[in-house]
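Visitor: From first to last, the protein sequence lines stand for chains A and B.
Here our numbering is used: position 99 in the first sequence is 99, and no number is missing along the way.
Here our numbering is used: position 41 in the second sequence is 41, and no number is missing along the way.
Be aware that one or more of the hints could be misleading.
What the hints assert, rightly or not - Stretches of chain B that chain A covers, calculated by requiring three or more beta carbons in the stretch to come under 8 angstroms of a beta carbon on chain A: (1) 52–63; (2) 70–77.
Unchecked claim - Mimicking DMTMM-like on lysine to aspartate or glutamate, the simulated pairs with C-alpha atoms at most 20 angstroms apart in a straight line are: (3) A:Lys57 / A:Glu79; (4) B:Lys37 / A:Asp105; (5) A:Lys9 / B:Glu42; (6) B:Lys111 / B:Glu15; (7) A:Lys9 / A:Asp26; (8) B:Lys99 / A:Glu52; (9) B:Lys5 / A:Glu59; (10) B:Lys107 / A:Asp105; (11) B:Lys68 / B:Glu42; (12) B:Lys54 / B:Glu15; (13) B:Lys99 / A:Glu73; (14) B:Lys99 / A:Asp56; (15) B:Lys37 / A:Asp38; (16) B:Lys107 / A:Asp38.
Don't read these hints as lab results, they were simulated from the structure.
Ideal Cβ placement from N, Cα and C applies to all residues, glycine included.
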Amino acid sequence: NAGVTQTPKFQVLKTGQSMTLQCAQDMNHNSMYWYRQDPGMGLRLIYYSASEGTTDKGEVPNGYNVSRLNKREFSLRLESAAPSQTSVYFCASVRDGYQPQHFGDGTRLSIL
Amino acid sequence: DQQVKQNSPSLSVQEGRISILNCDYTNSMFDYFLWYKKYPAEGPTFLISISSIKDKNEDGRFTVFLNKSAKHLSLHIVPSQPGDSAVYFCAASLYNFNKFYFGSGTKLNVKP
Chain A
1 NAGVTQTPKF QVLKTGQSMT LQCAQDMNHN SMYWYRQDPG MGLRLIYYSA SEGTTDKGEV
61 PNGYNVSRLN KREFSLRLES AAPSQTSVYF CASVRDGYQP QHFGDGTRLS IL
Chain B
1 DQQVKQNSPS LSVQEGRISI LNCDYTNSMF DYFLWYKKYP AEGPTFLISI SSIKDKNEDG
61 RFTVFLNKSA KHLSLHIVPS QPGDSAVYFC AASLYNFNKF YFGSGTKLNV KP
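Can you make the complete structure from the sequences, with help from the hints?
Guide: Have a look at this one:
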């Protein structure tokens with residue numbers, strides 16, 4: 001009963017390095033989301049995918065790219081990491097309509 | 001511009017008393033509202049929701065109230081328990097767009 005699984009759980013990068021955050025869900029959900037959480041800012045939407053094969057920008061997409069690899073997997077890529085991208089990143093999924101999102105446990109990313 | 005606002009960053013309540021967490025929103029088109037609970041180092045977990053056709057929804061000790069004219073949402077926890085100590089996020093969505101907008105969170109501390 002995994003739900004939403006995020007890897008890695010922790011990562012430290014140097015400025016300019018790249019990395020991909022992985023997210024997978026096993027609930028056959030249609031929509032998937034990437035958020036970042038910063039102190040006092042709540043959860044801000046980076047990108048989302050309403051269905052397999054589609055992706056759309058959220059509130060704070062700059063510096064990020066995403067791939068909806070298949071229905072289960074939605075990855076977030078930082079091409080050239082910056083200290084401002086130090087944050088906790090959450091992946092979420094939802095079936096559709098009037099349903100709550102299910103969240104992973106987050107990836108804690110520090111960029112030095 | 002934040003569409004969902006939680007103006008109280010923190011709330012402290014005595015065990016057994018009522019906790020009332022508040023949330024305001026600006027977009028009158030929102031038609032689905034949710035509350036999530038978040039413990040440190042974990043992802044948010046769904047607590048309770050309400051659609052815009054209702055003004056109240058109960059689930060055990062948790063009740064959500066919706067005042068559409070005031071664009072105001074509240075969560076009542078009665079009686080409050082120490083295990084309720086967490087950060088609470090309210091969220092709102094538009095059915096057709098499948099996007100969720102989150103408040104900045106209220107940290108609840110229930111004192112034994």
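Visitor: The structure should be examined with respect to each hint, and the outcome stated for every one.
Guide: These are the hints, each one checked on the structure:
Counting residues of the stretch 52–63 of chain B whose C-beta sits closer than 8 angstroms to any C-beta of chain A gives 0, which falls short of three, so the coverage hint is violated. With 0 residues carrying a beta carbon less than 8 angstroms from a beta carbon of chain A, the stretch 70–77 of chain B misses the three-residue requirement, and the given coverage is violated. A threshold of 20 angstroms between alpha carbons decides the hint, and for lysine 57 of chain A with glutamate 79 of chain A the separation of about 16 angstroms falls inside it, so the pair holds. Restraint check: the Cα-Cα separation between lysine 37 of chain B and aspartate 105 of chain A comes to about 13 angstroms, which is no more than 20 angstroms; the hinted pair holds.
Restraint check for lysine 9 of chain A and glutamate 42 of chain B: the C-alpha separation of about 11 angstroms stays at or below 20 angstroms, so the hint holds. For the given pair, lysine 111 of chain B sits about 5 angstroms from glutamate 15 of chain B by alpha-carbon distance, which is consistent with the 20 angstroms threshold. For the hint pairing lysine 9 of chain A with aspartate 26 of chain A, the CA-to-CA distance comes to about 18 angstroms; that is within 20 angstroms, so the pair holds. Restraint check for lysine 99 of chain B and glutamate 52 of chain A: the C-alpha separation of about 16 angstroms stays at or below 20 angstroms, so the hint holds.
Distance hint between lysine 5 of chain B and glutamate 59 of chain A is fulfilled; the C-alpha atoms sit about 15 angstroms from each other, no more than 20 angstroms. A hinted pair counts as satisfied when its Cα atoms are at most 20 angstroms apart, and lysine 107 of chain B with aspartate 105 of chain A qualifies at roughly 18 angstroms. About 31 angstroms separates the Cα atoms of lysine 68 of chain B and glutamate 42 of chain B, which puts this hinted pair outside 20 angstroms; it is violated. Under the criterion of a C-alpha separation no larger than 20 angstroms, the hint pairing lysine 54 of chain B with glutamate 15 of chain B is inconsistent with the structure, at around 29 angstroms.
About 18 angstroms separates the Cα atoms of lysine 99 of chain B and glutamate 73 of chain A, which keeps this hinted pair within 20 angstroms; it holds. At most 20 angstroms may separate the alpha-carbon atoms for a hinted pair to count; lysine 99 of chain B and aspartate 56 of chain A meet this at roughly 10 angstroms. Only pairs whose Cα atoms come within 20 angstroms are accepted, and lysine 37 of chain B paired with aspartate 38 of chain A is accepted, the gap being roughly 16 angstroms. Of the pairs offered as hints, the one joining lysine 107 of chain B and aspartate 38 of chain A holds, with about 14 angstroms between alpha carbons and a cut-off of 20 angstroms not exceeded.
Of the numbered hints given earlier, the model fails hints 1, 2, 11 and 12; all others are met.
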